[in-house]
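Next come the chains, spelled out residue by residue.
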Amino acid sequence: MDLQMLDMAIRALDQIFDPERLLFLLLGTLMGLIVGAIPGVGGLVGLTLLLPFTFGMDPYSAIAVMMGLLAVTTTSDTIPAVLFGVPGTVGSAATILDGYPLAKDGQAGRALGAGFMASMLGGLIGAVLLGFSMPILRPLVLSVGSPELLAICVFGLSLVAVLSGGAVLKGLGAACIGLLVATAGDDPQTSQLRWTFGTLYLYDGLPIVPLSLGMFAIPELADLAISRTTIAKDIARNTVSGQWQGIRDVFSNKFLVVRCALIGSGLGSIPGIGASVIDWVAYGHAARTERGASETFGSGDIRGVIASESSNNAKEGGALVPTIAFGVPGSASMALLLSAFLLLDIPPGEEMLTTKLDLSYSLVWSVAIANIIGAGICLIGANQLAKISIIRVGVLVPIVLSVVFVGVYQASRAWGDFSTMFFFGLLGWMMKRFGWPRPPLVLGFVLGGLIETYMFISVERYGWDWIARWPVMIIFGLTLVGVLRPVIQVILGRDEKDKNLRRRFSKPRLSPTALFSIFIITVFSSFFYLAGEFEFGAQLVPRLVTGFGILFIGAQLIGDVFFVTETRDGQAIKKSQIFDITHSFDDLTSGEMLRRAVIFAGWGLSVVGIGYVIGLLPAVLVFLCCYMRFHGRESWRLSLIIGLGFWLLYLFLFQLVLDVHWPHSWIGLQFPILRSKFEIF
Amino acid sequence: MKMLSKLVFVTAAGLAATTFAVADASAQFYKGKKIELFLAGGSKGSYNRHSRVLQKYLTKHIAGNPEISITPMPGAGGIKAANYLYNAATRDGTAIGTLLKTIAINEAIGRRGVKYKTEKFGWIVSSGPVDSVLALWTATSPAKTLDGVFKKQVLLGSTGKGSATFIEPTIMNALIGTKFKIITGYKGLGKVHLAVERGEVQGRFASWESLKCCKKKWLSEKKVVVLMQSGLVRNKDLPKVPRVIEFAKNDADREFLKFVAAGSTLGRIYVTPPAIPKAAMSALRAGFWSALKDPEYLATTKKRGLEVAPISG
Chain V
1 MDLQMLDMAI RALDQIFDPE RLLFLLLGTL MGLIVGAIPG VGGLVGLTLL LPFTFGMDPY
61 SAIAVMMGLL AVTTTSDTIP AVLFGVPGTV GSAATILDGY PLAKDGQAGR ALGAGFMASM
121 LGGLIGAVLL GFSMPILRPL VLSVGSPELL AICVFGLSLV AVLSGGAVLK GLGAACIGLL
181 VATAGDDPQT SQLRWTFGTL YLYDGLPIVP LSLGMFAIPE LADLAISRTT IAKDIARNTV
241 SGQWQGIRDV FSNKFLVVRC ALIGSGLGSI PGIGASVIDW VAYGHAARTE RGASETFGSG
301 DIRGVIASES SNNAKEGGAL VPTIAFGVPG SASMALLLSA FLLLDIPPGE EMLTTKLDLS
361 YSLVWSVAIA NIIGAGICLI GANQLAKISI IRVGVLVPIV LSVVFVGVYQ ASRAWGDFST
421 MFFFGLLGWM MKRFGWPRPP LVLGFVLGGL IETYMFISVE RYGWDWIARW PVMIIFGLTL
481 VGVLRPVIQV ILGRDEKDKN LRRRFSKPRL SPTALFSIFI ITVFSSFFYL AGEFEFGAQL
541 VPRLVTGFGI LFIGAQLIGD VFFVTETRDG QAIKKSQIFD ITHSFDDLTS GEMLRRAVIF
601 AGWGLSVVGI GYVIGLLPAV LVFLCCYMRF HGRESWRLSL IIGLGFWLLY LFLFQLVLDV
661 HWPHSWIGLQ FPILRSKFEI F
Chain L
1 MKMLSKLVFV TAAGLAATTF AVADASAQFY KGKKIELFLA GGSKGSYNRH SRVLQKYLTK
61 HIAGNPEISI TPMPGAGGIK AANYLYNAAT RDGTAIGTLL KTIAINEAIG RRGVKYKTEK
121 FGWIVSSGPV DSVLALWTAT SPAKTLDGVF KKQVLLGSTG KGSATFIEPT IMNALIGTKF
181 KIITGYKGLG KVHLAVERGE VQGRFASWES LKCCKKKWLS EKKVVVLMQS GLVRNKDLPK
241 VPRVIEFAKN DADREFLKFV AAGSTLGRIY VTPPAIPKAA MSALRAGFWS ALKDPEYLAT
301 TKKRGLEVAP ISG
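Protein chains in written order, with the numbering used here: chain V, 1 to 681; chain L, 1 to 313.
Chain L with its partners taken away, still in its complex shape:
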């Protein structure tokens, strides 16, 4: 019956919003309330994974111990959730969201359907970077070194022309002189990886975490070489892998590449709709910050290969 009692416990834990004596306004704010967390990434992706793990620690650490419910709102490359949060969600502090790293780029390039201003969102925290890396399959790729990718054509798999898996390598071809041929249309990174293993494409420029968590053997058996990374700063796992910006040919290019790289480094951001009560914002910021530092949470994420390196709001 151990499992059954565990099930009951999990259910009870979700419902429990126990009371602690608290003094100031921000501490009182979420007492007895429920926060709805909207996910731009849908119920299948890494955003869901991260948020689900974080969920119970948020209840524990946000003053007033609010219940957290997670509502996936995938669609339109993250624009649907961003629009909803900006225009329709309640502004009383009980609706928050986690948006994709491309929201600023989408606004900047004037993508159709964007109805928000990135800088007007209330920024709670970034839980960690969403760094992309260039990983090539050693058995099939004509280029196996950094030098090679500037000389030989390499086939990269991509999910679509609106995604980072296409945009970033295309920018690299234009500005730093790589010679990627990008095959688009794979439905999800999993299918890109399958195409890599099958030899249909020879590599991909995509999430580092997806290799770290789910393709450990590729790394340990050296089936792939990791040659470049996307962030403003080098990922702490990859101190020796150069950043794309390091290959910029002039200052103007470098500035542009920095803008793109910032999306990776800010990464997994948690935001609120514009203009929520001050007390709510400070409770959220403090709560998220200490939840992301919770030792038990850090142990869990480390075990699962999830990247955590918070940047405050």
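Next comes chain V alone, as it looks inside the complex:
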């Protein structure tokens, strides 16, 4: 960093420390914390809301308020992730794997403390990294072409093997589901519509928010509703000391924080690889490198929370790289930031690194300061928040579910968002029950589309020469080592714990798990067949993916039906360790469990059904009050007070502040006056 840069950096700091701009930064940070904590509503929605207000501002203030918001959504998204197992933004899905079990164990304070501290440090590292790499940003971005991007995405996908834990075949199968889902929509190479089933909703592929909420939030809420207990049995350890314990945990794992922050900002700088993948890559990295991780990750290991949280906050620093240097957005929210820049006469590109360098540094400072303020606020409130985990289920489930319902609609503002969430909610719930790891599905979904795109561009542009580029070869080499190492370990001698295991042929039997596998194979086969309608370019990837999917799940099925794994002395092994939350209903018969699951699904579907008739927001009010009264058996008074209170909050936030365009209801179409007067019908 030469003297001129230092001068610019200091000048930018001076600008940001103007009391008015600090106030804007604080305002942005507060808004960011709020939108981050609401599942489904992330930085993108928050920024959309802010955009009109920034037009009249000076560039530094506008940057302060916008970056303040963007920087901390991944700090507060830890709150619902830890407390309810519901990711606040797509970036905290990996946090729930260990954060939620910790909360169930009464250690919510510790998990939150660690999450917030790791978020802050990750955010700071991301900002510092961006600040120091300013002089080399342009050459750095220019050196990464489509073949390199392809190699990086393949590397990311290879982590499926790690994230599958002990259920590699199921994990690979889940990844194939994700890859298949990613092919839906308008194929840019052939312009063919794949799997849109005549709907416009699927034209642009599935949105990630309803998919992620379905995969991770719905199953957790369902299990909570089914088991009918509070999240944590007691709060004995939910004291200030728990939180300090969490902070200490972060510092005793400082190298993990640094590594995951590097992963976060590195991947964040690659357009297309967003928050929804970064936390899993960091989690996978931690699971692979941390001592004893394969035993404890997924069942309440604080290092899982630290890995996920430090990476997703570092991402914002990375995402700014292509945004500043070339005006190419590193993420969806960066695209919005970019359009705000243009309206503020801030020209992204070369000038940001020369004549307007102080503006670039004000971005860096804003990110850094917002991370400190954001984590500070969260840490102060963490203890009060932790108490949420002892709220009665009859009250908690409808509240969280209603937030999810209103939030998920913000994805593409279509009824289809609900179908997506329900579909993946059911799939996610079954996967959780049958011991299928869910993270590989998300990884496959996000990276699958990118891999297909970059693969076609690379081959069309370079033929097969692209493989010979040295960065590509290095990354592929690393990928290969990562994938082969476990295989080699198996060949050279099994792990200690496996030594006592043996597999033997047994009488064929058809468990529910096997039926689920058969179902997935049937789905794969039908899609394999249906893909035949497409022209070659469009059918290649779907056929490959479904073909491999059938192989993996087929092998799993044969194992499940014909073999048993047991210890040498004949003890049966129940299930293999996977990196995912498990929920046991020891005191429930499977019939009772299924009955409660159906009731839960009925409540969920009724919101959409009633919403169709009287409007989504009115339906949410009906749901809130009725669920608490009839299902939770709370008093009418309490049900109405809490229901109406939360509903008014949604009305204020979504209708008055965000000015959301609600879906048309039947009643609104019958009586247009209702729609035009109140807008919510």
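These are calculated hints, taken from the structure and not from any lab test. All of these numbers come straight from a predicted model, not from anything done at the bench. Some clues are possibly wrong.
Here are some, though not all, of the chain L residues that point toward chain V, as calculated from beta-carbon distances under 10 Å [claimed, not checked]:
| id | residue |
| --- | --- |
| 1 | F38 |
| 2 | S46 |
| 3 | R49 |
| 4 | G157 |
| 5 | S158 |
| 6 | F166 |
| 7 | G190 |
| 8 | G305 |
Glycine included, every Cβ here is placed at the ideal spot set by N, Cα and C.
Position chain L relative to chain V; hints supplied.
For chain L alone, coordinates are given in the frame of chain V:
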């Protein structure tokens, strides 16, 4: 506190729908009402930029000073917004939209999902052309002159086969004999531009405004040469650059190229659902027309490199 008062002012300005004594029906029509403007381009693209700048001038100039709210409705290459406006939006004059230049082409080629008839929309105004230009990167392109593009293969970057960045150069290859190889799949024009600078592709056939507003240095330092443009008439910034139609080999080809070019020239169109009240339509047309002529608005758009050259409805 100057900034804070500005913030309050901006908020207040959005809410203010002040009353002026007005006489005739069209002047009364929007009094106290709110117009929802649907954007086919989503919240990130140039359609958003244009509409956001125009927003407050519409409130000022449409009789009755209605509040304008902007609702991005991206999806399906603009078809989602067009379908919504045509089939589902209220027809009382409070829902309007700005649609992409490809809506007529999409209807003509029978693209799946189209549920509208382009000519049945109520046409308010076009705020200006959406002209595309062929821009080649001088450092890497084998062809640097007009002559060259008919002789040498040039790699062009494109966002997808359904987009104008693919359709237009493909038509040129077929009808006027250019030799483009088009690499598709870049997610957005920004990434195409990055690929150009990186040397992965050698040029692109895409929006002129995107160069004018955001790649000023490319033009001033002659890093790109601009060789052809897409419109029916030459863009006022580019009087010396020939149009694609000028290379047509026969009348039939010329007619087809004209149909394609019309999309560029009509460009940024503002429409209403079919059959809205007459009073609303005349208020909208008059309001848009005078908003687009507002000197302050023109100064702002000029500063930001946004193209404005209105064509009435």
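Here's how the hints hold up against the structure:
no., hint, in the structure
1, F38, "holds, 8 Å"
2, S46, "holds, 9 Å"
3, R49, "holds, 6 Å"
4, G157, "holds, 9 Å"
5, S158, "holds, 9 Å"
6, F166, "holds, 8 Å"
7, G190, "holds, 4 Å"
8, G305, "holds, 9 Å"
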